[in-house]
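Colleague: Chains as they are written, first to last, in the working numbering: chain A, 1 to 151; chain B, 1 to 278.
Just so you know, these hints were derived from the structure itself, not from any lab. Treat the hints with caution; some may be incorrect.
Claimed, not checked - Below, computed lysine-lysine pairings styled on PhoX-like, alpha-carbon distance capped at 25 Å:
#1 A:LYS31 to B:LYS47
#2 A:LYS12 to A:LYS41
#3 A:LYS93 to A:LYS111
#4 B:LYS176 to A:LYS92
#5 A:LYS12 to B:LYS225
#6 B:LYS176 to B:LYS47
What the hints assert, rightly or not - Which bits of chain B does chain A cover? Going by a derived footprint, with three or more residues having C-beta under 8 Å, they are:
#7 161 to 169
#8 225 to 233
Backbone N, C-alpha and C fix where the C-beta goes; we use that ideal spot for every residue, glycine too.
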Amino acid sequence: MYDFFASSVTNKSIFLFRSQTTYDIVKGHLKNFGADMLIDKKLGDLSGGELQRVLLAFATISNPELLILDEPISGIDNNGMEIFYRLIDDLKKKMDIAIILVSHDFNFVAKYADRVIMIDKTIVCEGSPSKVFSNEKFKEYFGDNIQIGGE
Amino acid sequence: MEAIYNIMEYIFPFSWSDYTFMKNAFLAILIIAPLFGLVGTMIVNNKMAFFSDALGHSALTGIAIGVVIGLKDPLIAMIAFGILFAYAINRIKGNDNSSNDTIISVFSSTSIAIGLALLSQGGNFSKYSNYLIGDILSINQAELINLIVVFILIVLFWIFFSNKLLLISIDNTLAKSKDVKVKLVENLFIIIIAILVMISIKWVGILIINSLLILPAAASKNISKNIRQYTVFAICFSTISGISGLILSYYNGIATGPTIVIVASIIYFVTLIIKGRR
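Generate coordinates for the entire structure from the input sequences, incorporating the hints supplied.
Modeller: Written out as structure tokens, the structure reads:
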């Protein structure tokens, strides 16, 4: 895990030495994702949810301005989904990253998105979550009785 | 050179160190075995074992081409053909949707067949059978210098590109997302493998050269926890099997290449047991 991150962070050959500075940087970054205790594990030994968090950490370690996620929570249980979305929300606020996320999970979209675009080949409707979810076209596609944002 | 020989005679007061050819072979293994261990780590990581095997076999065609155009030492032809061969496989692998092992197999058998056909012309194949099992005792000083040049080349490559190779071995797309020029690094790496394999074939032999690349790294992978252990163990295993293989073969009158591989495979099985116990 450390090797995996270090190989992208530093130009120093990681097969020769392990740099404590890099180690601390990586560990500090992983902490944001609740994954700092995984640093000495092997990449192949991680569980699905752990791997997802680690990859998210990997994608953001170089401070990108834009993060594009395509159905990032597929194959994760409900609990893990909640954690993952909270993480992304944190990222947005703390690191000031713009995030484009593709999802079919309307509850989470309603809770966390600033702006929603509904796409079927072309843009069907767009705006704030409440605006899109109350739109006629949205109801045409998904039916009237869909429950969104139960809280 | 004399100074090195004298030092060796001093360190190793055994009967084998009286012979210059044994001292040359010892030095050659000391240079080349760590390289096999080092390069092997990324071959194993990138799942290229079959590829490097095919590359070794393609040496036959390289030798044949060298003979046909009348070179005294076919090494240049072997390296040139090896690079071309490796590049061709890599190119087609990316463009074609047949599975990789099929493509590699096709290339491998074609080049073996062409090599055998050309070399057996006139019933003279036995002249070249040396290349099949290799003969490390035939190495001379000029060839030792070549090995040192290759050693420096590969170590430099490793210092600059090993991080990127590691990222590629995890995932191509992931590596690209971190601005790694995947194609470039891959192509440089196969050129490195081609040069290392071709320059060593005369001494190690076509039939077993791949085991030297794969076994130490595979054994190391069994017991290592991170990339530094992986590299160090692979280099140690490779050097230990090289040196002990040479000395064992001297006392038992067996060919050196196979002895080295037997030692390396014993190490592999021991690490496998250690891994199983953990």
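Colleague: Evaluate each hint against the coordinates.
Modeller: To see whether the hints hold, each was checked on the structure:
Our distance criterion of 25 Å between C-alpha atoms is broken by LYS31 (chain A) and LYS47 (chain B), whose separation comes to about 32 Å. For the given pair, LYS12 (chain A) sits about 21 Å from LYS41 (chain A) by alpha-carbon distance, which is consistent with the 25 Å threshold. For the hint linking LYS93 (chain A) to LYS111 (chain A), the alpha-carbon distance of about 15 Å falls within 25 Å, and the restraint holds. The straight-line distance between the Cα atoms of LYS176 (chain B) and LYS92 (chain A) is roughly 24 Å, inside the 25 Å bound, and the hint therefore holds.
Proposed proximity of LYS12 (chain A) and LYS225 (chain B) is supported: the alpha carbons are some 20 Å apart, at most 25 Å. Restraint check: the Cα-Cα separation between LYS176 (chain B) and LYS47 (chain B) comes to about 19 Å, which is no more than 25 Å; the hinted pair holds. As drawn, the segment 161 to 169 of chain B meets chain A at 5 residues by the rule of a beta-carbon pair under 8 Å; at three or more, the given contact holds. Remark: the segment 225 to 233 of chain B is confirmed as covered by chain A, as 6 of its residues place a Cβ nearer than 8 Å to a Cβ of that chain, reaching the required three.
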